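A.B. asks: Letter by letter, the chains look like this.
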Amino acid sequence: MRCERYREKLIEMLLESKTALGDELAAHLRKCSGCDEFYEAQKRLVGAMDAGVRVMMNQEPPASLLAGARGRMAAEPAESRWLGRSLVAAVVACVLFIWAVTMSQRNVRGPVSPPQLSAEVKFEPRSQLATRPPAASRNRRVLKQVKAAGNMPDSADTFPKVIVLPEEREAFARFVEQVSADPQGAIALTRAAPPRQDLPVEIAVLRIAPLKVRLLERTAEE
Amino acid sequence: MRELVLIQPGRTLVGADAGEAEKARAHREFEERLAECGPLAFRVAQGVLRNAADAEEVAQDALLRAYRNFARLREPAKFRGWLVRITFRIALDRWRSARRREKRETEWLQPEQRGAAPTAEDMAASREFQARLERAMDELPEKFRLVLLLAAIKGYTLDEIAGMLAIPMGTVKSRLFFARKKLLEKLR
Numbered sequence: 001m002r003c004e005r006y007r008e009k010l011i012e013m014l015l016e017s018k019t020a021l022g023d024e025l026a027a028h029l030r031k032c033s034g035c036d037e038f039y040e041a042q043k044r045l046v047g048a049m050d051a052g053v054r055v056m057m058n059q060e061p062p063a064s065l066l067a068g069a070r071g072r073m074a075a076e077p078a079e080s081r082w083l084g085r086s087l088v089a090a091v092v093a094c095v096l097f098i099w100a101v102t103m104s105q106r107n108v109r110g111p112v113s114p115p116q117l118s119a120e121v122k123f124e125p126r127s128q129l130a131t132r133p134p135a136a137s138r139n140r141r142v143l144k145q146v147k148a149a150g151n152m153p154d155s156a157d158t159f160p161k162v163i164v165l166p167e168e169r170e171a172f173a174r175f176v177e178q179v180s181a182d183p184q185g186a187i188a189l190t191r192a193a194p195p196r197q198d199l200p201v202e203i204a205v206l207r208i209a210p211l212k213v214r215l216l217e218r219t220a221e222e
Numbered sequence: 001m002r003e004l005v006l007i008q009p010g011r012t013l014v015g016a017d018a019g020e021a022e023k024a025r026a027h028r029e030f031e032e033r034l035a036e037c038g039p040l041a042f043r044v045a046q047g048v049l050r051n052a053a054d055a056e057e058v059a060q061d062a063l064l065r066a067y068r069n070f071a072r073l074r075e076p077a078k079f080r081g082w083l084v085r086i087t088f089r090i091a092l093d094r095w096r097s098a099r100r101r102e103k104r105e106t107e108w109l110q111p112e113q114r115g116a117a118p119t120a121e122d123m124a125a126s127r128e129f130q131a132r133l134e135r136a137m138d139e140l141p142e143k144f145r146l147v148l149l150l151a152a153i154k155g156y157t158l159d160e161i162a163g164m165l166a167i168p169m170g171t172v173k174s175r176l177f178f179a180r181k182k183l184l185e186k187l188r
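Residue numbers (my numbering), protein chains in the order written: chain F, 1 to 222; chain D, 1 to 188.
Everything labelled a hint here was simulated from the structure, so no lab data went into it. This one's a predicted model, so the numbers in the text were calculated from it and none came from an experiment. Just to be clear, a hint being listed does not mean it is correct.
Claimed, not checked - Under the rule of at most 30 Å between Cα atoms (straight-line distance), these lysine-lysine pairs were calculated in the DSS-like manner: (1) D:78 x F:43; (2) D:186 x D:154; (3) D:103 x F:43.
Said to hold, decoys possible - A short, non-exhaustive set of chain F residues, derived as facing chain D with CB atoms under 8 Å: (4) 16; (5) 18; (6) 46; (7) 53; (8) 56; (9) 62; (10) 64; (11) 73.
Unchecked claim - Pulled from the structure, derived: some chain F residues nowhere near chain D, Cβ distances all over 12 Å: (12) 14; (13) 26; (14) 35; (15) 42; (16) 57; (17) 72; (18) 104; (19) 164; (20) 174; (21) 216.
By construction, the Cβ of each residue, glycine as well, lies at the ideal position given by its N, Cα and C atoms.
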């Protein structure tokens, strides 16, 4: 075995705190002065190392250690009570905060209510044509969805209303009047009014008479 | 300090009385362990911090934390190991923050210190060796360091350390071997 290997073995032995050298190691140390010196140096180093750690770890604790610990323990219940109370206060504050945030969000969004649909669609007797609010079809679709979801009762009295402004109604009546005054230009057909007046009627078709398409005349400048 | 709970004959403790009695019992049990384990906590902290005042404070912190949670400890027989781990953890935290602070201060003070560098003669050889040893210990991985520190405390066998840390005896031996090997490599 080479010296390197013997030295590794010697260090292992020292680190395992074995005191007795084996026969082979002892014989090598007797023959090899270099390894013997190495062993003595390592033994001193390991000894110093262990002694250093032992000194560090075996200092007497100060006399005030236990008295101080007892003093802090005695002061502990009051601290715990304070801690308990502050914890309760913190939990209550969190709950109140969450509640306040939830309520404020509800107010911003407004109450959840079914869409407003017309229950007061009136017909202009002069034109025999029904008026309909522009968003009626959209409203009807939403109404169907709400009904399907079961959020709205069937009673007509409970239906929300679409407010159609008088000027809107007048404007639409004027438009219908103009169209009906020239039957050659356009014919507006209506379906028969449904039995329940709370549902809006709709204009089914709006036909425009054949249009004449003419090429623009060229001007003199062109 | 002993506490007595007086109960009228034929009456059992209920509600708040029972809670108080339980607290008193826990306090008594903790007090019994305090005298035995307080010095151990101090030594573990001292091994990490190497400053008696800091170690005392850390040991008291650890004892207080153990006292607060003593009722939750399911196996009172494991109290010693539990306290050692609490102390070691707090001491390591303290040591790390102290090292950061020291590093900052060293960086600030370095230009002033350059002129007054200590000569080689000023440093005693043993002091230098101790400083090298401390540095080498600081660099050890935590689990190896804890075993090394506990093994150096008088009165604790490797078997006891294994029980304290709830690890097999073989693991204690291998960790101790590795820790000493690392130290030796750094000291050479």
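A.B. asks: Compare the structure with each hint and give your call.
C.D. replies: Hints versus structure:
no.	hint	in the structure
1	D:78 x F:43	violated (37 Å)
2	D:186 x D:154	holds (25 Å)
3	D:103 x F:43	violated (35 Å)
4	16	holds (6 Å)
5	18	violated (11 Å)
6	46	holds (6 Å)
7	53	holds (4 Å)
8	56	holds (6 Å)
9	62	holds (5 Å)
10	64	holds (7 Å)
11	73	holds (5 Å)
12	14	violated (8 Å)
13	26	holds (22 Å)
14	35	holds (16 Å)
15	42	violated (8 Å)
16	57	violated (4 Å)
17	72	violated (5 Å)
18	104	holds (39 Å)
19	164	holds (70 Å)
20	174	holds (84 Å)
21	216	holds (86 Å)
Checked against the numbered hints given earlier, the structure breaks hints 1, 3, 5, 12, 15, 16 and 17 and satisfies all the rest.
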